[in-house]
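Chains as they are written, first to last, in my numbering: chain G, 13 to 352; chain S, 351 to 699.
Calculated from the structure, these hints are not laboratory results. Even glycine gets a Cβ: it sits at the ideal position worked out from N, Cα and C. Just to be clear, a hint being listed does not mean it is correct.
As the list claims (entries may be wrong) - In silico DSS-like links for lysine-lysine, alpha-carbon gap of 30 Å or less: (1) S:K694 with G:K258; (2) G:K193 with S:K543; (3) S:K370 with S:K694.
Unchecked claim - Using C-beta positions, here's what the derived DEER-type ranges look like: (4) G:G165 with S:I683: 22 to 32 Å; (5) S:D413 with G:Q197: 34 to 44 Å; (6) S:E589 with G:I223: 49 to 59 Å; (7) S:F687 with G:K164: 18 to 28 Å.
Stated by the list, open to error - To be clear about the criterion: a stretch of chain G counts as covered by chain S if any three or more of its residues have a C-beta under 8 Å from a C-beta of chain S, and this derived list gives those stretches: (8) 151 to 163; (9) 188 to 200; (10) 203 to 210; (11) 337 to 348.
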Amino acid sequence: MIDKYAKNTRKYILLMIGLFILLLVMFVVSINTGFMKIPLTEVWSAFFGHDVGDQRLTLFEFRLPRIILAMLIGAGIAVAGGILQGITKNPLADPGIIGINAGASFAVVLYTFLSGSTTFLTGTLSIFVMPFTALVGAFIAAILIYTIARRKGAITPIRLILVGIGINAAFASGTLVLQMKMDPQDFTKTLTWISGSIWATNWDFVLSTLIWLVILIPLAIYKSRFLNVFSLGDSISIGLGVPLEKERLKLLIIAVGLAGSCVAVGGGITFLGLIAPHIARRLIGSNHGKILPLTALLGACILLIADTLARVVMSPMELPVGIVIAILGAPYFIYLLMKV
Amino acid sequence: MKKAETSEVIQSIHNEKPYKRKLAYLILIFGWMAVILAIVSSIYIGASHVHYAAVWRGVFFYDPTNSADVIIHDLRLPRALAAVFVGAGLAVSGSIMQGMTRNPLASPSILGVTSGALFFMAIAFAFFPHLTYSQTLLFSFVGAGMGAALVFSIVAASRGGNTTVKLALAGAAITSLLSALSTAIGLRFNVSKDMSYWYAGGVSGIQFQQLKYAIPIIIIGILIGIMLSRSITVLSLGEEVATGLGQKTKVVRFVGIIVVLLLTGAAVSIAGMIGFIGLVIPHITRFLVGSDYRFIIPCSAIIGALALLGADMLSRMVNAPFETPVGAVTAIIGVPFFLYLARKEGGAL
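If we strip away everything but chain S, and leave its shape as in the complex, we get (with noise of 0.2 Å):
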């Protein structure tokens, strides 16, 4: 199949307009730019003021004797490049979901993957705190697939049905049991404070440390999701017509879901439970650049880590010099969103 056929089929059968395209290139040009500044003011913002010459020194010409340095080369910068990667991870986790299940609502926190891979950190924190970085990281993914595997095997196994709210469903349910099993874990071995933090979500007080480990696994999920963007494309216009233009669907359902995995839990081992970013972003992006999934997935990469430094750098002015979790910056914001779409989906149900 050539790459023309492709997306003449998706141009004719979404009746896009030429404009979102030229908006799409606008989005991958420009976004870059963007997402430099946000980072650049957001590690200006904070308790204590920087120059901004300051923050130009602080990341390139690192000196450990001087105060300004340390606070913007350990604390401001781990904490903006988080932002900007668990951001993209999660939309991209995200864009991918919708696009291979034909679902609005699929997204890594209201499929269950987020809850799945918060539990098993609860375990590793409860029965082997002296655990790295890294195998937190590891019980991180295998929590990820456990909770999408519990959620999608519920809704293989239910009896037909409109399986769009039924997703939404399963995922509350295994949400809500997971999470009243950490609580258990968390009260029994006076973890949970600690576990709350995951559980409120923040980049603050991220280490390089942390971020070594995960900033490499989101790039290369995000690249592997960019390659596979043509084939979603196909995928999000049916199961039939994806098939018929001779497509493996199998192989690429797979390859989805482990990109999924490995963003979600490697976004989650970061920064916890961050809600709504990974279901609100890709329709954004959806409505910014049109259906076609090869300019989605880098879009919404782009835009949801706009997003996520737009809602840390909230998180810390809302109550200066006090910080609101960020997942709860999300969730205010991603609630009426969601809402609305529950009220459109279950308009047409």
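In isolation and in its complexed conformation, chain G is listed as follows (with noise of 0.2 Å):
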């Protein structure tokens, strides 16, 4: 049995470090891909303060806050997507199929659509009320997700994901009556932005977006223990002494926080939170505080290798990397279902 662990250790130590250096690898071929090719040496001396004129600007004010916000995003919504599994014990959840994106890209949409439409994305004030805005969005829409599905005190698993797919029909509709309105140059803009795309190129977006996940991350594999207990089952974590409620609020509060703050800079990215959990528990087992970290890193790095994939795919034009993510992960979704 402590054999059996300490193999597990060391697998879960390799697997980390394996993750972290494909991580690397693939954060040196997405600097290189793109519409401008940089030559390697150059990205190299650009790195250490030789004045490479255009290169130097493209690299830092473009491409490298684009690269880290892909890593970000990635983690978050794969952690938010980890802890939902984790909570409703459904192998199916994920932020995007559920709603809760749809709610955040609502209340964007709406705002953007209310404080006009010129300031889309742009403006400096934006970088503070988006990702509040988002959030906002995710938690409506998780609220009412949460009482809709819950009967006679309990949530089956089925009738949540269900419930989901209705909220993400409402806010979608939502969106779309707004988006009609808006002209066609905002509407495609907006559009790229509800199939997920990542935007915002910019040094404070990378900011704004790393505090909310440097405290939610750490925190939710600091409460990871519970999701080890819940998978017991209900009576018997009431019976360890767990507040199985309290708990589960508070985790879920923790994935609707990463889903929103992820949801404002990324866009609607659905099926990578579902994705990336689930080859973390197959590559690990089925403790949760080995599978979130892990989880965090498999999706920095789906979503890195998918943005690269959507700058290069239709050169010089950008596919929306949720679109990539849909693609790729749609199918997987798909052999799941048949499976369970």
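Both chains come to you apart, so use the hints to assemble them.
Here you go:
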């Protein structure tokens, strides 16, 4: 038993190191790909302060913040998905599928619409207001889903997903109503954003996202032991003296906070929160203390790969990264559905 | 098998109250009048005012030089007719699906049929921009077939389990996959705003040109649906009962699927994504007239037509003189109903 545990821990450390190396490799690859090709030697010299003119600007002001944001958003959404799957004991839970992203998107589009479309994605104020608006939307959606799916004090996994699909449809149609009132240019902008794209190539956004993640991800990992207890079933958890509803609610708030703050900068990215925790669970087993950190790294890797692909596939045009993720993720969801 | 036998079986199984039968006849007789009345008021309501007398003149004594006649005949009449046939088509399509699969969540927009049709229309817009309407219609049919085939084969290939929910989940997954692909195509080929019109769903801006092909298809679809209705009733009692009563279930299912594809494909090609009509109307109809599909199918056609006409009028009045996409109106009405079903079904699972 102890031997098995040690083996598992060794595997975990190896996996973490491996993924970290993969992330570094993707980081280098991603810096190199794009409309402007920048040779590695120049990247190197730009990093160490040698002036190489425009390249330096492209690197530091556009590509680097974007890559870092992709990693942050990937980690955040993946952990949010991992927590949701843990709370609901539902392998199919994902903030995009159950409508939390749609709520956040609707709030942001509403804010954009009310404040006059020109400030969308550009105004300095929006750096602070956008994440807040998205969070409010995400929480409203979560509260709606939670209360409607709850019946006789219990939420069955399937009811949660069905209710989520309904809430998703409601918010999506609300968003569409607002979108149809915009002029074509803003329409395309919002469409791209809703489809999920890392549009904010700006250090301020990196900072405003980082703050949330630095607080919430460690908190989630700290609370992860409750997720392990939940997986034993409600009666055992109560027997173990866990204040079930309270802890569940706290974890839910963490998950919604992560999803909301990521939607504010990354738009509606669906299926990432589904895939990453699954792969993590398949790799390491059922201990959430290990699943969540692994999920965060995996999410960062997957979103970075998808974002790099999104830049390359239709170059010089960019595909919203959410579409790449959906095209990769939906088949995986279907595969899971067939197995369950 | 005699007719009397079937209806006895149905009545005994569902233990239905006789007043529901009367209600069904009432709907069948007076529903038509209500539809005509709704068409007239749909033509009457709009940004520019016309008289009721002008409605009459515009429809039956069309004079292309008179501007009021043009508005009525070329803009509002096609729109009202489109709402009638799209609403009826989607409702019948949903009824047939629910009857055949015995699944309360079955409906064209939830099971990926609509998104399949839209995906193929996106392809048509992007790669063959000069297609005539009838050719676009063909794309819509093929797409509807593909969407349904994908969703049903996923469920067929999966290991047992709860197929009711699996159909809904597989539909949601296929819908998001296909709409992601459609968005990518739309952004790449710069047709996303055109496509959004289809995604929002709506019957505004419809021309007789389009209706000329779609309406006959929808009428044929509904008629076949009515002819099939007795078999669907038997099928809705369960596969074993149906086989026991000597029904060729495979043939019925095959014809039923073809009808669903014809109706949904034609409806989507005119009006785009109008969700929840195909889900909600069959339930309301079943609540009113009982579980005999010989009554559900024709009654749902009438109620569906009325519902979409009403939603379309609402979409014009909510924020006049601007229009709200009718798909959004049906979603806002339909979502609470879907949530109610989800809650109820989830409890039984």
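Looking back at the hints listed earlier, which ones does the structure fail to meet?
-> none
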